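S.K.: Each chain is listed here by its residues.
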Amino acid sequence: MDIELLVEGEGLAEVETIRVSEGSPVREIVVAVAAKGHFAAEEASLFIEDSEEPIDLARVVERNMGDKVHHVHRVHRIEVRVFYQGRQIDRRFAPSTRVQRVLDWAIGDHGFGIDPVIAPEMELALHGQTTALPKNAHIGRYVRHPHHELSLDLIRGIVPNGASR
Amino acid sequence: MNEQSPVERAIAIDLDSSRFRAGVHRRHWRQVSYEFPILLVALSAIEHNSRSSEYFFNFELTGFPGAAPEVRIWDPSTNTLLALDRRPRGSGRVAEAFKAWGGGTVYRPWDRLAGAHGNWATTYPTLAWNPKRDLTFVMEDLHGLLTSNAAAHGVRPSA
Numbered sequence: 115m116d117i118e119l120l121v122e123g124e125g126l127a128e129v130e131t132i133r134v135s136e137g138s139p140v141r142e143i144v145v146a147v148a149a150k151g152h153f154a155a156e157e158a159s160l161f162i163e164d165s166e167e168p169i170d171l172a173r174v175v176e177r178n179m180g181d182k183v184h185h186v187h188r189v190h191r192i193e194v195r196v197f198y199q200g201r202q203i204d205r206r207f208a209p210s211t212r213v214q215r216v217l218d219w220a221i222g223d224h225g226f227g228i229d230p231v232i233a234p235e236m237e238l239a240l241h242g243q244t245t246a247l248p249k250n251a252h253i254g255r256y257v258r259h260p261h262h263e264l265s266l267d268l269i270r271g272i273v274p275n276g277a278s279r
Numbered sequence: 004m005n006e007q008s009p010v011e012r013a014i015a016i017d018l019d020s021s022r023f024r025a026g027v028h029r030r031h032w033r034q035v036s037y038e039f040p041i042l043l044v045a046l047s048a049i050e051h052n053s054r055s056s057e058y059f060f061n062f063e064l065t066g067f068p069g070a071a072p073e074v075r076i077w078d079p080s081t082n083t084l085l086a087l088d089r090r091p092r093g094s095g096r097v098a099e100a101f102k103a104w105g106g107g108t109v110y111r112p113w114d115r116l117a118g119a120h121g122n123w124a125t126t127y128p129t130l131a132w133n134p135k136r137d138l139t140f141v142m143e144d145l146h147g148l149l150t151s152n153a154a155a156h157g158v159r160p161s162a
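Going line by line, the protein sequences match chains A and B. 154 is the number that our numbering gives to position 40 of the first sequence; each next residue is one higher, with no gaps. 86 is the number that our numbering gives to position 83 of the second sequence; each next residue is one higher, with no gaps.
Everything labelled a hint here was simulated from the structure, so no lab data went into it. From a predicted model like this one, the values you see are computed outputs, not experimental measurements. A hint or two may mislead.
With a Cα cut of at most 25 angstroms, we get these calculated SDA-like pairs of lysine to any residue [said to hold, decoys possible]: (1) LYS102(B) / ASN275(A); (2) LYS182(A) / ASN82(B); (3) LYS102(B) / ASN82(B); (4) LYS150(A) / SER138(A).
Some residues of chain A that are not near chain B, with every Cβ distance over 10 angstroms (derived) [what the hints assert, rightly or not]: (5) ARG206; (6) ALA233; (7) HIS241; (8) HIS261; (9) ASN275.
Even glycine gets a Cβ: it sits at the ideal position worked out from N, Cα and C.
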């Protein structure tokens, strides 16, 4: 029986849906995403969203895999650099890491230690840009093998206000 | 056979999209009911005291996606606007988004009424509505606001 899987990956601009057969090797997921992203499946790994380590490709597809978003990428670790007010911090993340997780680190005590009063208003943008990245996007979508680096800016989010009466 | 209008078809496509379903899988939001033109959704939230909660939103979708959704924070028990003293609290951005104002809708540039005033479409193009946007764009913005208190407390539920 086929199951639907939500996937992100290298070369994909958005989360997409693929269908794979229950009981088939999970490598089928890698092959399907590699075809969408136009890269060689042999070099790629499969991750669960926000997990650090890839899944063993010898496993088979199980029904409960449909409950999670998966990620396929040829890079195992992305070197993330975040800039803020003339300073920069670095850390390695798996490509399946959501932007939200990187943001949590950047504003937290192991990052820039942003004042809790303004921390809820902070966002991440690609370095040199001002548009906030979607918080649920996997960082792997912004990196294409053989590159393995991602530079981001920590920015203050927009607070729209105007004549509101 | 029940034929859908182009507007209803556009809504159905959005609700069945990978992006919308990913939010459901992550338990960021869920569809409560839908009878055109009203869509009622619930979004997960983190309160200013770091407790998890949920808020409801009423989407009026006439003319979608050519017309922006008209979105109100909602009390499903009374089928009216949520009372001001029960609305989300948090940063200035949260307070501004869910304040009471003349239009009665969520005060964000993608909303039909809020976006139509103050030259917001020009001032805030990254948040303003256009027909290429989808419902998930709004859901993601609302969820980001509703969970932004996590940043102040260092708490973040897993996806």
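S.K.: Give a verdict on every hint.
M.R.: Results of checking the hints against the structure:
1. LYS102(B) / ASN275(A): Holds, at about 11 angstroms.
2. LYS182(A) / ASN82(B): 33 angstroms, violated
3. LYS102(B) / ASN82(B): 18 angstroms, holds
4. LYS150(A) / SER138(A): 19 angstroms, holds
5. ARG206: Its Cβ never comes within 10 angstroms of chain B, the nearest being 20 angstroms, so this holds.
6. ALA233: 4 angstroms, violated
7. HIS241: 17 angstroms, holds
8. HIS261: Answer for HIS261(A): holds, closest chain B Cβ roughly 25 angstroms.
9. ASN275: 6 angstroms, violated
Checked against the numbered hints given earlier, this structure breaks hints 2, 6 and 9; the rest are met.
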